[in-house]
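Chains A and B are the protein sequences, given in the same order.
Positions 1 to 292 (my numbering) are the ones given, in order, by the first sequence.
Positions 293 to 584 (my numbering) are the ones given, in order, by the second sequence.
Treat the hints with care, since some could be wrong.
Claimed, not checked - Label-pair distances were calculated between CB atoms; the ranges are:
no., chain 1, residue 1, chain 2, residue 2, range
1, B, Pro424, A, Leu253, 33 to 39 Å
2, A, Arg169, B, Gly456, 35 to 41 Å
3, A, Gly61, B, Ser530, 41 to 47 Å
4, A, Gly166, B, Pro392, 39 to 45 Å
5, A, Trp286, B, Arg420, 24 to 30 Å
6, B, Pro392, A, Glu261, 38 to 44 Å
7, B, Ser530, A, Leu253, 38 to 44 Å
8, B, Gly456, A, Val258, 54 to 60 Å
9, A, Pro100, B, Gly456, 21 to 27 Å
Unchecked claim - Pairs of lysine-lysine, DSSO-like flavour, derived with a Cα cap of 27 Å:
no., chain 1, residue 1, chain 2, residue 2
10, B, Lys526, B, Lys536
11, B, Lys433, A, Lys21
12, A, Lys141, B, Lys526
13, A, Lys141, A, Lys21
14, A, Lys46, A, Lys141
15, B, Lys338, B, Lys313
16, A, Lys141, B, Lys536
17, B, Lys526, B, Lys338
18, B, Lys536, B, Lys433
Unchecked claim - Sample of chain A residues facing chain B (criterion: CB under 8 Å; computed from the structure):
no., residue
19, Gln34
20, Gly44
21, His84
22, Met90
23, Pro100
24, Val104
25, Glu108
26, Ser177
27, Leu178
28, Trp286
29, Gly289
Source of the hints: derived by calculation from the structure; they are not laboratory data.
Predicted, not measured: the structure shown is a model, and the values here were computed from it.
No residue lacks a Cβ here, since even glycine has one placed at the ideal position from N, Cα and C.
2 protein chains.
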Amino acid sequence: MENSFTDRMTQDLVLIEEYLKNAFVAEPRCADLQEAMEYSLLAGGKRIRPILTLETCRLCGGDVQAALPFACAAEMVHTYSLIHDDLPAMDDDELRRGRPTNHVVYGEATAILAGDALLTAAFDQLTRADLPAGRIVEAVKCLSHAAGSAGMVGGQALDMAGEGRGLEREELELLQSLKTGALISAAAELGCIAAGGTEEQRAQVRTYAQALGRAFQIRDDMLDVTSSQEELGKPVGSDRINEKSTFVTSLGLDGCAVQVELLTRQGIDALSSFDNPSFHTWLARWLAGRNR
Amino acid sequence: MENSFTDRMTQDLVLIEEYLKNAFVAEPRCADLQEAMEYSLLAGGKRIRPILTLETCRLCGGDVQAALPFACAAEMVHTYSLIHDDLPAMDDDELRRGRPTNHVVYGEATAILAGDALLTAAFDQLTRADLPAGRIVEAVKCLSHAAGSAGMVGGQALDMAGEGRGLEREELELLQSLKTGALISAAAELGCIAAGGTEEQRAQVRTYAQALGRAFQIRDDMLDVTSSQEELGKPVGSDRINEKSTFVTSLGLDGCAVQVELLTRQGIDALSSFDNPSFHTWLARWLAGRNR
């Protein structure tokens, strides 16, 4: 059973990587810019967001192929956010997924533009889905809310504003639900939208993804303390160095582990009325336990 | 006649300013971020792009109110591009429309995020139009193409890459058609899309707007040489200082004036089959002659 799920994830990954690889082939306006966009977009990564889109589409009875542009749109938004977050004016990170960050390789100007172009391309991708116009409009609405000032960008702004001062637990929860949770949730919802799912299904999918997103972020904070640079592909201990409030500083490592388990169960429970949520159950457990 | 056109433009401006002022009222996630977004979005400016959207919608027989979200989406994309272009890593400008640029006031991190949020908000705006879903999808396609790596961002990347070396006339034409022309053209096309115009009408509108955009950019290059900081609200002579290739270095001031006149006529001619293009004729002449 375990094996069939990893096989299925691998199949999803093949679809995603293939799609992303060809996304900008026809747009050779500026070679440097395109190279910078693809440098980050094709740098691997777990592709959790597009996998969520494809699998939630399947869960809601939709066609995975039709959902691919939605899936890759979510990944483009994620990639752009990493490029901009790594900039010297933001987190000033020089290593990402084991490679120099975008601005280290291409310079700040091109990195800013590559991020801008990927964000813009995400919305173009949504329109390429072979789906009814109404679903595409719903997808644009969903992704723009999750990515914008009331979502991911708002979370990053709160993060920058909170650096160097202690954040209350609730502030940290809000910050992370915006910065990371909103896009993970939107990625899952995009699959439901692609499948033409009901409002009720979408709400259940949202609850699942939000719990997953929170567990994921708590696990991330734990890894920054317990892992090595080789394992993570980026420097560890940066939260402490930057005096960032994290779930580890707020809950301790043991408290974090309890929360991850609790959230994972909450997420799994949210999908109990679906016919066959076993892949999603496995995925939640896999994400909660990664790198242990 | 002249007066009735300026009155009409003033009425459009009232609609636009009112709409923009209320665009982010319901999104108070991060006060700093919202302030930075509004600082640049509500800084005045000529609002040429949204006026083009509204007036082209009218030209094609559509409802101006329904086109307002499209119009303001185009202005948000324009505003975001100014914020990012002004950043230290890009053009490093400290003055814009007579006020300190966004990053001077709010810092680089917030300025980057404010730009990101405005770009994202533009696509959200498109979905708010009370129009058939098919037209909204067409609008997302149109705006994302014009704004992305095959359009505005591509042009800015070419601009950065070309700094300090002489550009051939054709390179300069391509660069400007992407950097400035694409969005001006899209703004006009969005009006046609909102009105449910024909493909033929859209092509004519595109020809008009592209000619206008080129004339506008040539005039801009001229003003950088002939105008004062007080008149422009930003430092003059910056092109020369940055060793930028411009239409003035390529054609000379007299050559530029001839081109502006030629392009303005071309633009006006493109709309000859419409019932009443007189406002567009006046607008083209007004833009060509501004600040003389």
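Now for the hints, and whether the structure bears them out:
no. : hint                              : verdict
1   : B:Pro424 <-> A:Leu253: 33 to 39 Å : violated (54 Å)
2   : A:Arg169 <-> B:Gly456: 35 to 41 Å : violated (51 Å)
3   : A:Gly61 <-> B:Ser530: 41 to 47 Å  : violated (58 Å)
4   : A:Gly166 <-> B:Pro392: 39 to 45 Å : violated (32 Å)
5   : A:Trp286 <-> B:Arg420: 24 to 30 Å : violated (38 Å)
6   : B:Pro392 <-> A:Glu261: 38 to 44 Å : violated (50 Å)
7   : B:Ser530 <-> A:Leu253: 38 to 44 Å : violated (54 Å)
8   : B:Gly456 <-> A:Val258: 54 to 60 Å : holds (58 Å)
9   : A:Pro100 <-> B:Gly456: 21 to 27 Å : holds (25 Å)
10  : B:Lys526 <-> B:Lys536             : holds (16 Å)
11  : B:Lys433 <-> A:Lys21              : holds (21 Å)
12  : A:Lys141 <-> B:Lys526             : violated (36 Å)
13  : A:Lys141 <-> A:Lys21              : holds (26 Å)
14  : A:Lys46 <-> A:Lys141              : holds (25 Å)
15  : B:Lys338 <-> B:Lys313             : holds (16 Å)
16  : A:Lys141 <-> B:Lys536             : violated (39 Å)
17  : B:Lys526 <-> B:Lys338             : holds (14 Å)
18  : B:Lys536 <-> B:Lys433             : violated (32 Å)
19  : Gln34                             : holds (7 Å)
20  : Gly44                             : violated (22 Å)
21  : His84                             : holds (6 Å)
22  : Met90                             : holds (5 Å)
23  : Pro100                            : violated (17 Å)
24  : Val104                            : violated (13 Å)
25  : Glu108                            : holds (4 Å)
26  : Ser177                            : violated (11 Å)
27  : Leu178                            : holds (7 Å)
28  : Trp286                            : violated (30 Å)
29  : Gly289                            : violated (32 Å)
When held up to the earlier numbered hints, the structure conflicts with 1, 2, 3, 4, 5, 6, 7, 12, 16, 18, 20, 23, 24, 26, 28 and 29 and fits the remainder.
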